[in-house]
Structures are given as structure tokens and as C-alpha cells.
Amino acid sequence: MAQTVSRSAVAANQSLSDPAPAMIEFTGVTKSYPGGQASLRQANLSIQRGEFVFVTGASGSGKSTLMKLIYGQEHPDQGSIKVDGQEVSQLAGDRLALFRRRLGIIFQDYKLLEQRTIAENVGFVLRAQGVRSAEIQKRLTPALQLVGLLDKASAFPHQLSGGEQQRASIARAIIGSPSLILADEPTGNLDQENALQVLRLLRQLHDFGITVMVTTHDLNLIKSTQFPVIQLQQGQLERLAEP
Amino acid sequence: MNWTGWTRWFKREWRLWPEQRGSKRVGDSAQGRTQHPRQSPFTHLPYLLHETGLGLRRGGWMNWAAVSTVTVLLFLLGIGLQTSWQVNGLLQQVGSQLQISVYLRPDASVATVQLLVAQLPQISHVEVVGKDQAWRSLLKDLGAAEIAGANQGLESNPLVDELRIEATSPDQVPQLAQALGQINGVDEVQYLDQALKNLAQLNRGLNQIGLAVVGLLTTTAIAVISTTIRLIVITRQRDIEVMQLVGATKNWIYLPFVFQGIGFGLAGAAIAWGLILVTQTLFKHLLAQQSYLLQGLTAGLQLSLLQTIALPVSLVGLGVLVGLVGSILAVRRSVN
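Chains as they are written, first to last, in the working numbering: chain A, 1 to 243; chain B, 244 to 579.
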């Protein structure tokens, strides 16, 4: 009995002492393109759960590639990429699809479907996952309300401004209740006012506990917050500042 | 409601979503978090049909290329099947008779030959069809108004005297025909067995040609459907890319394209069946205006109930198969 208690106590202590796995973990990641140009060279990175980080770097430094590596669009030549404890490079097919359901991805060019309304675009995520219409409707209203587009639910993307389209893509990213949001230059096509609005939304999502990773080359955007910045330079990832 | 109000409200709603229930912090339960219940695509038929319709709308005129190819294939298959069944029906109709036709030489005496024929066993009935009677009957069948005019055109009656002999048993027909052929004055002996053999042989030949044509057209239809679906997939590449990024599985993405292929097959089958019905009606009208002799064939041309059902079922079956194979080939290429 005493031994059992002792083992349980040790296990409990171990459990307490074990840190939760990082949300994103890069270990010795190298990624080169066929031309020989390397975007990552033996890069290491650790982003904890609930963090908000910016990733910055010159154009062509590989920020988008970094994002693609995280959501499995690209695979590393070497090294390990773990997201939420899962080795992404080992995922393919339907396993990769199921993994992506846990992410919310926001793109610079919004990637909205032109022939579908905003409501359809946002609900499309759940529809494509086979979620029932009633559940989609239940989630659609708060998601659109959060981004302030409930009155534009029936509009088509071309009827919306760039800022509104990006907010629609944020609604699409969050409707699946992801634990990680990846925003690849989300303000790249927006004016300052809309960019700040998008940033405010992302901060709100971070407040909910969602891990947020934003690539940007907009220094004003970075300076407007106290979030840590990771610089991608010459294939290396360097954490520049801590909050 | 102001921004803070929205946020509070959204947070409350967010907690109500299944993934977040019982979770102290969003993402904490990510390892073992509840996935959306995976459901069979067939429980989401409205979604799949909606996506299929969307694809068809994007396909535009390309759809018609696929449907028309399937239509041609299935129309020819339907006509071929129907003809084959009708010829078989005709064979059975005429095959039930036991008649032997004996054609005499122009210089032979009908009475002499008739006397010799009467001495043969296994004959139940003999009917003499004189060449004048046969000529009048033929002209009547052909619809000639005046025998004299026709005679003038051909200068003389080209027909010969004929004896129509009926055997007592079908087994005796070949031997009886052989014996009749040896009678002096007999030029030619024809019996239905021979005609049936010829007709059956012709039917088999036509079936083989039909099979080859259907095989060739099936390959063509599969290729056209495959190319059409592939083009539709390309026009919907952006949709597919977004679907992949938001976590749609391959089946979920590509099943609507397979449905489109099946749709092409069904549309082709429906149009082909309609064309066959129109053809049948026209043929019946044409036959009704023909001579009594040809009208007599209609009984043999009539399809049985089973064949009437089997014809559209075959069209739909092959249409669906062709659509399925074509679309799966296209989708496999796209997935790869």
C-alpha cells in the first residue's frame, strides 16, 4: 500500500514538474528550395501555449515558408516540427486534414471564395468538415458578430472592403475553435486603420487563450504591442524581445 | 452592443462549443480534444448535391461534351440491344413454322412435280403458288397500281412456280428438303432452318460489331468524362485549396466530382432512352404504313416486359459505370 502511494506521489510530482509541451517546437529544421536557396538552416524555435508572437524578416526571408511548414503544406528537409505535440512532417492525407482542423489560418490575400457569400465562406470550414447545418448556424452568428460582419453575412467578397474581407477570413479561421491561429501577413494589404482593427481582433482571440502567430514586416504594428518578436534572418529564428 | 459587449458574448458562446467545454484554457485539451463527429458523407447528401451542382455550373458547355458522348454511346447500345432482341424474337416467330419452299425450273410441270412430292412421307400439307399468283401478291405487297404496267416494265413475270410444303415434324425438315431437291424439275429448295441459320449468323455478326463499337465508345466516353471532370477540378482549384487548408478530407473534397460523373451517366442514359422511345414510335408508324407482309413481322419485333424493363436499366447501369470510372480516373489524377 505504502509503495503504491509512493509511486502515485512520484507520478504526481513528475506530472507537476513536466512542462506542458510547447504549442510549436522546431528542432534543427532545415528547408531549402530546389534552386539551393535555404529559408531555414538548423533553425530552432519554441512557442508556448497561449503565446502571441510576431515573426518578422525581410521579404523573401521565408516567413510564409515557416507558416507552411507549421500547417504541413511544406515539409522540412531535416529536423523536427511539432505542433501541439504532433510531428507535422509525418502527417499526410486525411491525418493532415484532421490536424488542420485544429488550426485557424489567415492569409494576406484572404483566400475567400468569390462565388460564395461571407456566411457561406465562414461556414464552409465546418461544412467541409461534415458538421451539421444547425451546429454551423450556432457558431456562425457569434463568429460574424465578433468580427463585426453580421450585417454583411449575405454579401459576396467583392462587395466588401479589404479590411472587411480580412475580418471575414478571421471569422473563418476561428469558427472551428482552433487552439492555434497562424496569420501570414494578415495586414499586408490593409491601411493602418484596418490593420489595427485586425490586430485588435487577434489580440482578443489571444485573450481567449488561443496561441497566435503573426508574420509581418510592419514595424508599426509590432511596436503597437508588447508581444515577443521572432526574427527570421539568414535561415535562423531569433527571439528578439520578451514582453 | 459595444465591442466589450460583443467580446463577452462571444466568449460565452465560445465556451458552449463542444471543444471548449470543460477546458480551463482554450488549447489545453488539444491533445485529446473532441473532434467534430466524423459522419458518413451520405448523411450530408444535401451538401454533396449542392457541391455537385456548383461543379456542374462551373462546367458549362464542357458538361454537354460529356453528356452527349454518353448519350451517343448509350443510344447505340440501346438500339443494338433492342435490335438483337427483336431479331431473336423474329427467329422464334418464324422458327415455329415448318414450311419448305420448293422453286421449280421454268420448264418444269407443276402437276408432275406435285405428284412426285405427294409420294414422300412426313408431308402434312402441300400448297401450290403459281408464278402469276406470286407475281400479283408481290405487286400488291409492293403497292404497284397496275399489274400490266409492272409487267411492261419488266417485260415478263420473273418469278417461278413454287410449292409450299409443310412437314409433320421439324426434325424431318432437313431430310425432306434434301429429298425434294433430288426431284426432277426442282430448281431450289429453301426451308426456314436455312433462313434462320442465316439470320442468326447475321445477328451474331451484328452483335460482335455492336460489342466492338460499344467498347470503343465506352472508352471514348470514359476519356471525355475524365477530361471534363479534370477541367472542372482545375476551375475549382481555389475552392479545393481552401478546403484542404481548412481540413476537408479527400473524400469530402472529391466525392462531389464523382457525383458529377455519375450525373453525366444518368443524364446520358435519360436522353438516350428518350431518343430510343422516339425511334421506336417512328418505326412503328413507318411499319403501320407498310404492306401486310411487313406488318406481320411486328409480333416478332415486340419486346417482352422483361426486355422493356431491362433496356433502360442497362442504359442507366452502363451510364453510371462509365461516369463513375471516368470521374474516379480524373479525381485520382487530381489527388496525385
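You may find that some hints are simply not true.
SDA-like mimics (lysine to any residue), calculated; alpha carbons at most 20 Å apart, straight line [what the hints assert, rightly or not]:
hint: 1; chain 1: A; residue 1: Lys68; chain 2: B; residue 2: Val353
hint: 2; chain 1: B; residue 1: Lys493; chain 2: A; residue 2: Tyr71
hint: 3; chain 1: B; residue 1: Lys493; chain 2: A; residue 2: Leu98
hint: 4; chain 1: A; residue 1: Lys68; chain 2: B; residue 2: Gln487
hint: 5; chain 1: A; residue 1: Lys111; chain 2: A; residue 2: Leu160
hint: 6; chain 1: A; residue 1: Lys68; chain 2: A; residue 2: Gln90
hint: 7; chain 1: B; residue 1: Lys493; chain 2: A; residue 2: Gly130
hint: 8; chain 1: B; residue 1: Lys493; chain 2: A; residue 2: Gln73
hint: 9; chain 1: B; residue 1: Lys374; chain 2: B; residue 2: Val353
hint: 10; chain 1: A; residue 1: Lys138; chain 2: B; residue 2: Tyr290
hint: 11; chain 1: B; residue 1: Lys493; chain 2: A; residue 2: Ser89
hint: 12; chain 1: A; residue 1: Lys111; chain 2: B; residue 2: Leu488
hint: 13; chain 1: A; residue 1: Lys111; chain 2: A; residue 2: Ser64
hint: 14; chain 1: A; residue 1: Lys111; chain 2: B; residue 2: Val330
hint: 15; chain 1: B; residue 1: Lys493; chain 2: A; residue 2: Gly93
hint: 16; chain 1: B; residue 1: Lys493; chain 2: A; residue 2: Glu74
hint: 17; chain 1: A; residue 1: Lys111; chain 2: B; residue 2: Val353
hint: 18; chain 1: A; residue 1: Lys111; chain 2: B; residue 2: Pro289
hint: 19; chain 1: A; residue 1: Lys82; chain 2: B; residue 2: Leu488
hint: 20; chain 1: A; residue 1: Lys68; chain 2: B; residue 2: Gln480
hint: 21; chain 1: A; residue 1: Lys111; chain 2: B; residue 2: Arg481
hint: 22; chain 1: A; residue 1: Lys111; chain 2: B; residue 2: Thr355
hint: 23; chain 1: A; residue 1: Lys68; chain 2: A; residue 2: Gln234
hint: 24; chain 1: A; residue 1: Lys138; chain 2: B; residue 2: Pro289
hint: 25; chain 1: B; residue 1: Lys493; chain 2: A; residue 2: Gln234
hint: 26; chain 1: B; residue 1: Lys374; chain 2: B; residue 2: Gln362
hint: 27; chain 1: B; residue 1: Lys493; chain 2: A; residue 2: Arg95
hint: 28; chain 1: A; residue 1: Lys111; chain 2: B; residue 2: Ile483
hint: 29; chain 1: A; residue 1: Lys111; chain 2: B; residue 2: Leu297
hint: 30; chain 1: B; residue 1: Lys493; chain 2: A; residue 2: Lys82
hint: 31; chain 1: B; residue 1: Lys493; chain 2: A; residue 2: Leu160
hint: 32; chain 1: B; residue 1: Lys493; chain 2: A; residue 2: Leu96
hint: 33; chain 1: B; residue 1: Lys493; chain 2: A; residue 2: Ala92
hint: 34; chain 1: B; residue 1: Lys493; chain 2: A; residue 2: Asp94
hint: 35; chain 1: A; residue 1: Lys68; chain 2: B; residue 2: Arg481
hint: 36; chain 1: B; residue 1: Lys527; chain 2: B; residue 2: Val330
hint: 37; chain 1: A; residue 1: Lys111; chain 2: B; residue 2: Lys374
hint: 38; chain 1: A; residue 1: Lys68; chain 2: B; residue 2: Glu484
hint: 39; chain 1: A; residue 1: Lys111; chain 2: B; residue 2: Lys527
hint: 40; chain 1: A; residue 1: Lys68; chain 2: A; residue 2: Ala22
Keep in mind that the hints were calculated from the coordinates and are not lab data.
Here is how each hint holds up against the structure:
1. For a cut-off of 20 Å, the pair hint linking A/Lys68 to B/Val353 is broken: about 100 Å separates their Cα positions.
2. Only pairs whose Cα atoms come within 20 Å are accepted, and B/Lys493 paired with A/Tyr71 is accepted, the gap being roughly 17 Å.
3. Between the alpha carbons of B/Lys493 and A/Leu98 the distance comes to roughly 11 Å, so the proposed pair stays at or under 20 Å and holds.
4. For the hint pairing A/Lys68 with B/Gln487, the CA-to-CA distance comes to about 13 Å; that is within 20 Å, so the pair holds.
5. At most 20 Å may separate the alpha-carbon atoms for a hinted pair to count; A/Lys111 and A/Leu160 meet this at roughly 14 Å.
6. About 14 Å separates the Cα atoms of A/Lys68 and A/Gln90, which keeps this hinted pair within 20 Å; it holds.
7. With a C-alpha separation of about 12 Å, the suggested pair B/Lys493 and A/Gly130 falls inside the 20 Å cut-off, and the hint holds.
8. Between B/Lys493 and A/Gln73 the CA atoms are separated by roughly 15 Å; this keeps the pair inside 20 Å, and the hint holds.
9. Restraint check for B/Lys374 and B/Val353: satisfied, since their Cα atoms lie roughly 11 Å apart, inside the 20 Å limit.
10. Taking the CA atoms of A/Lys138 and B/Tyr290, the gap is about 18 Å. The hint holds against a cut of 20 Å.
11. About 18 Å separates the Cα atoms of B/Lys493 and A/Ser89, which keeps this hinted pair within 20 Å; it holds.
12. Under the criterion of a C-alpha separation no larger than 20 Å, the hint pairing A/Lys111 with B/Leu488 is consistent with the structure, at around 10 Å.
13. Taken as a hint, the A/Lys111 and A/Ser64 pair is honoured in the structure, with Cα atoms around 15 Å apart against an allowance of 20 Å.
14. Straight-line distance between C-alpha atoms of A/Lys111 and B/Val330 comes to about 61 Å, which puts the hinted pair past the 20 Å bound.
15. At roughly 7 Å between alpha-carbon atoms, B/Lys493 and A/Gly93 fall within 20 Å of each other, so this suggested pair holds.
16. As the CA atoms of B/Lys493 and A/Glu74 are separated by approximately 18 Å, the hinted pair is consistent with the 20 Å bound.
17. With a C-alpha separation of about 95 Å, the suggested pairing of A/Lys111 with B/Val353 is violated against the 20 Å cut-off.
18. As the CA atoms of A/Lys111 and B/Pro289 are separated by approximately 25 Å, the hinted pair breaks the 20 Å bound.
19. Our distance criterion of 20 Å between C-alpha atoms is met by A/Lys82 and B/Leu488, whose separation comes to about 18 Å.
20. Between the alpha carbons of A/Lys68 and B/Gln480 the distance comes to roughly 18 Å, so the proposed pair stays at or under 20 Å and holds.
21. A C-alpha spacing of about 8 Å is found between A/Lys111 and B/Arg481, which places the hinted pair at or below 20 Å, so the restraint holds.
22. For a cut-off of 20 Å, the pair hint linking A/Lys111 to B/Thr355 is broken: about 99 Å separates their Cα positions.
23. The straight-line distance between the Cα atoms of A/Lys68 and A/Gln234 is roughly 18 Å, inside the 20 Å bound, and the hint therefore holds.
24. For the proposed pair A/Lys138 and B/Pro289, the alpha carbon gap of about 19 Å is at most 20 Å, so the pair holds.
25. With a C-alpha separation of about 37 Å, the suggested pair B/Lys493 and A/Gln234 falls outside the 20 Å cut-off, and the hint is violated.
26. Distance hint between B/Lys374 and B/Gln362 is unfulfilled; the C-alpha atoms sit about 23 Å from each other, more than 20 Å.
27. Annotation: proposed proximity of B/Lys493 to A/Arg95 holds, straight-line Cα distance about 10 Å (limit 20 Å).
28. The suggested pairing of A/Lys111 with B/Ile483 holds, with an alpha-carbon distance near 11 Å, which does not exceed 20 Å.
29. Annotation: proposed proximity of A/Lys111 to B/Leu297 holds, straight-line Cα distance about 18 Å (limit 20 Å).
30. The straight-line distance between the Cα atoms of B/Lys493 and A/Lys82 is roughly 23 Å, outside the 20 Å bound, and the hint therefore fails.
31. Straight-line distance between C-alpha atoms of B/Lys493 and A/Leu160 comes to about 31 Å, which puts the hinted pair past the 20 Å bound.
32. Restraint check: the Cα-Cα separation between B/Lys493 and A/Leu96 comes to about 10 Å, which is no more than 20 Å; the hinted pair holds.
33. Note on B/Lys493 and A/Ala92: the hinted pairing holds, with a Cα-Cα distance of about 11 Å set against a maximum of 20 Å.
34. Using a Cα cut-off of 20 Å, the hinted pair B/Lys493 and A/Asp94 holds, with the two alpha carbons roughly 7 Å apart.
35. A C-alpha spacing of about 17 Å is found between A/Lys68 and B/Arg481, which places the hinted pair at or below 20 Å, so the restraint holds.
36. Taking the CA atoms of B/Lys527 and B/Val330, the gap is about 16 Å. The hint holds against a cut of 20 Å.
37. Straight-line distance between C-alpha atoms of A/Lys111 and B/Lys374 comes to about 88 Å, which puts the hinted pair past the 20 Å bound.
38. Between A/Lys68 and B/Glu484, the direct Cα distance comes to roughly 13 Å. Compliance with the 20 Å bound is thereby established for this hinted pair.
39. Between A/Lys111 and B/Lys527 the CA atoms are separated by roughly 59 Å; this puts the pair beyond 20 Å, and the hint is violated.
40. Between the alpha carbons of A/Lys68 and A/Ala22 the distance comes to roughly 18 Å, so the proposed pair stays at or under 20 Å and holds.
In terms of the numbered hints stated before, the structure departs from hints 1, 14, 17, 18, 22, 25, 26, 30, 31, 37, 39, listed from lowest to highest.
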